[in-house]
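Let chain A serve as the given structure and place chain B on it in line with the hints.
The listed protein sequences derive, respectively, from chains A and B.
Quick note: the first sequence uses the working numbering, first residue 19, plus one each step.
Quick note: the second sequence uses the working numbering, first residue 19, plus one each step.
Source of the hints: derived by calculation from the structure; they are not laboratory data.
Since the model is a prediction, treat every value here as computed from it, not as a measurement.
What you were told as hints is all true, and nothing was included just to trick you.
Listed next, with one range per pair, are the computed distances between beta-carbon atoms:
1. B/Gly-332 / A/Ala-223: 52 to 58 Å
2. A/Ala-227 / B/Glu-42: 43 to 49 Å
3. B/Ala-81 / A/Thr-302: 36 to 42 Å
Derived EDC-like pairs: lysine to aspartate or glutamate, alpha-carbon spacing no greater than 16 Å straight-line:
4. A/Lys-324 / A/Asp-212
5. B/Lys-61 / B/Asp-328
6. B/Lys-77 / B/Glu-269
7. A/Lys-61 / A/Asp-21
8. B/Lys-77 / A/Asp-254
9. B/Lys-324 / B/Asp-135
10. B/Lys-77 / A/Asp-231
11. A/Lys-77 / B/Asp-231
12. A/Lys-77 / B/Asp-254
13. A/Lys-61 / A/Asp-357
14. A/Lys-61 / A/Glu-96
15. B/Lys-61 / B/Asp-357
Heads up, the beta-carbon is just placed ideally off N, CA and C, and yes, glycines get one too.
There are 2 protein chains.
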Amino acid sequence: MPDTNLAVLLRRRPVGAPTDADFEIVEGPVPEPADGQVLVRAKYLSLDPYMRGRMSDAKSYAAPVPLGSVMGGQTVGEVVASRHPRFAPGQTVLGGSGWQRFSVVDAAVLTPVSTDDAPLSWNLGVLGMPGLTAWVGLADIGTPRTGETVVVSAASGAVGQVGGQLAKTAGCRVVGIAGGAEKCAFVTQELGFDACIDHRGDLRAQLNATCPDGIDVYWENVGGAVQAAVWPRLRDFGRMVMCGMIAQYNEAPGADTVGAPAGPNLGAVVRKRLRVQGFIVSDTGWPRYPAFRAEMLGHMRAGRMKVREDIVVGLANAPRAFMGLLEGRNFGKLVVQIDA
Amino acid sequence: MPDTNLAVLLRRRPVGAPTDADFEIVEGPVPEPADGQVLVRAKYLSLDPYMRGRMSDAKSYAAPVPLGSVMGGQTVGEVVASRHPRFAPGQTVLGGSGWQRFSVVDAAVLTPVSTDDAPLSWNLGVLGMPGLTAWVGLADIGTPRTGETVVVSAASGAVGQVGGQLAKTAGCRVVGIAGGAEKCAFVTQELGFDACIDHRGDLRAQLNATCPDGIDVYWENVGGAVQAAVWPRLRDFGRMVMCGMIAQYNEAPGADTVGAPAGPNLGAVVRKRLRVQGFIVSDTGWPRYPAFRAEMLGHMRAGRMKVREDIVVGLANAPRAFMGLLEGRNFGKLVVQIDA
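Next up, chain A with everything else stripped away, as it sits in the complex:
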């Protein structure tokens, strides 16, 4: 295992889809922890759609990554050296060390992670931020009830796979939307959704066929044409859990505001008493993490929660993997294993 540092810097702000030239991969010496700090060697890095927003300086809910800095991101890794009494070498920790092999961090931003109940990388997916996102969004906004029809976009992805399976445990009919026959087969056969629609086909016809009585809850990860097809099929009192709209993340800054691509006419919100609500897991999610984790482990033990990860090996491959994520080329929760 290499003992030099390796990091991915944001070199310039992507215009449209990110390219290799927007990133810079740099090697360097392993940093030294100061008093109160911990040196962590990351094992896995989570890649998530929200990171596209951090690469842009358009207004968002979090500050952009400064140019020339290490891209931010959540990691699980191992303590290599510690100058804080709460941590010791060999300990496994969750932290936000970003796209790099070694990092020196304040002890306050690290959380010890159990390694005996699940594979380490799951702490970045089904048992981490994406899983908690699914759980919080369903509990607070989706509120699925037995017998309702729930449609989940990006159904084989990090959030969608958890959200759909949770909706199944709530007694719902769950229809996924994914890209291609292979993902759709996985969503129905492995994840146990009742149906899955290929968004490359005729969305409207497939939605009519799989949701003949309309849609009670729509989990929005995508936006664009998928949203437009779902919108008129929402039932009275329908809920739209607005988690993301990845289809427009590569559009010019301002896609969210003035001059943005048009959205649906909101008359239906009145007429059908719809609830269209966005959320960010970090607003209210983490204090509920212990309850979430306990519930999820229970589902796993009972065979009700399957997991699919897309693990890319080698930190240097992170930029390309991230570009693929924005185009739906990943299959399952995208994670970078820092070293082979």
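Frame of chain A, contents of chain B only:
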């Protein structure tokens, strides 16, 4: 007072803005109550924007008025004859007798009304469906908190005037939007809103000037250009109380669904964690009516709830008055006094 019946029938479904030819005013004999029924003489008829939807056979939350039938609507009036033990001649009642002078109704659909705490017509406005609408929508969706900025469209109208004053009692900064200087002056000077914007002027500039820190709660009665101007000014965690979109009620059927005028890009719903939610007062409102009425009477006694009605005299003038309502020509809660 005439003792023949008079009724306004829906003659044909309006295409675009309703015209005289869409209605028929018919005279006839006073009907006779059967056993269990009550004969009511209406004194006031409420005219409300939702009635435009009833004139159309486009899909909505309630069935359309059949062609050739009396237009539906809420009334207050007096029992003339009763063949039900719970009602006696002279009693004042609230009911849904529609656009007509006399009606025979089942006792079950009548509610006795107190006449000693407020003018009779107020039971159709500030103390009736529109007032309850404002109260329910603020309580369930708007949830205004002290110091927040609340923007109310159609601010001098039946729902807006109540909603804005209720938001003031909650300690909010309240900005109205109304049509013309006279209405704006009323909204600030009489209703006590902190500011009022004339929607015939430059909406964006006026919103920037009156809401420099953005908008926490937007009460939507209007849609169209007003909605488009408000949308990018909603703050993080903003709520949009979707009560109506009168600007498009005269548009072709389908304005709510496929082929509808575009709405805002929903990316901001995720990014700002907005809650955009519609409601219809009849879904959950009436069981809470006693609490609402008690609170409203308290506000009135304390001088915190002013009322402006626009009373049109003569049932035959109801169609024209309704046409004016859709164009914002009324000033205050529009009520028809059936007879002079």
